[in-house]
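> Sequence:
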Amino acid sequence: MEDEHLVIMDETAIRRALTRIAHEIVEKNKGIDNCVLIGIRTRGIYLAHRIADRIQDIEGKPVEVRELDITSYRDDRKASVDTSVELAAVIGDLNGEKFSAHDKKVILCDDVLYTGRTIRAAMDALMDCGRPQSIQLAVLVDRGHRELPIRPDYVGKNVPTSKQEQIDVSLTEIDLKDQVMIIHQRGQA
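In full-length UniProt numbering, the protein residues as written are 1 to 189.
Quick caveat, the hints were computed from the structure, so don't treat them as lab data.
Among the hints, a few may not be true.
Between beta-carbon pairs, the in silico distance windows are [said to hold, decoys possible]: (1) Gln-185 with Ser-134: 36 to 44 Å; (2) Gly-130 with Glu-59: 22 to 30 Å; (3) Asp-33 with Asp-10: 31 to 39 Å; (4) Gln-164 with Lys-61: 44 to 52 Å; (5) Lys-28 with Pro-62: 37 to 45 Å; (6) Glu-2 with His-145: 36 to 44 Å.
All C-beta atoms in this analysis are idealised placements derived from N, C-alpha and C, irrespective of residue type, glycine included.
Construct all of the structure, not just a fragment, from the sequences and the given hints.
Written out as structure tokens, the structure is:
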């Protein structure tokens with residue numbers, strides 16, 4: 001049997017969700033002073049840039065955006081990577097400057113929130129970069145099934161799913177189209 005695919009967010013819905021998230025970030029933080037958006041590789045960084053563009057339209061000034069690689073912090077992979085990784089390899093350098101999270105309002109950005117383990121790994125990586133004033137979480141889709149007590153501050157769309165379903169996020173920067181699909185695997189209970 002073939003898997004069932006259903007588009008739950010198209011390009012317009014994604015654009016609206018990210019615009020709403022940008023407004024909520026500005027409102028909650030009373031502007032963007034001392035804020036930094038950190039996108040979790042891979043799709044999170046593209047969402048962070050899109051949100052930053054919308055924030056700049058709203059506030060008239062840019063917000064810092066960084067990319068976070070959590071590979072060496074994941075708990076589902078063997079520790080084949082040296083744990084003395086330089087911070088620059090974890091959070092991308094900007095103009096040769098190492099990132100310091102000290103006293104910043106960090107907004108983590110990711111595409112799908114599921115068990116919470118990716119976000120836990122991201123928070124571990126951030127704490128190695130200093131002590132932020134706060135860590136907030138923005139996700140395009142929250143599908144439930146948390147294994148850790150992690151809750152997003154900003155959500156594009158809540159999509160209750162079964163464990164047999166998958167959420168597939170496609171972004172123009174990688175996949176040449178913007179859409180979110182729910183995939184139900186047939187033949188599985």
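> Determine for every hint whether it applies to the structure shown.
Evaluated hints:
1. Taking the beta carbon of each, Gln-185 and Ser-134 are about 38 Å apart, inside 36 to 44 Å as hinted.
2. Checked against the given bound of 22 to 30 Å, the beta carbons of Gly-130 and Glu-59, roughly 24 Å apart, stay inside it.
3. Range check, Asp-33 to Asp-10: Cβ separation about 34 Å, and the 31 to 39 Å hint holds.
4. Between Gln-164 and Lys-61 the Cβ separation comes to about 45 Å, which falls inside the hinted range of 44 to 52 Å.
5. Under the hint 37 to 45 Å, the C-beta atoms of Lys-28 and Pro-62, about 19 Å apart, miss the expected range.
6. One distance hint, 36 to 44 Å for the beta-carbon pair Glu-2 and His-145, is violated here, with the actual separation near 24 Å.
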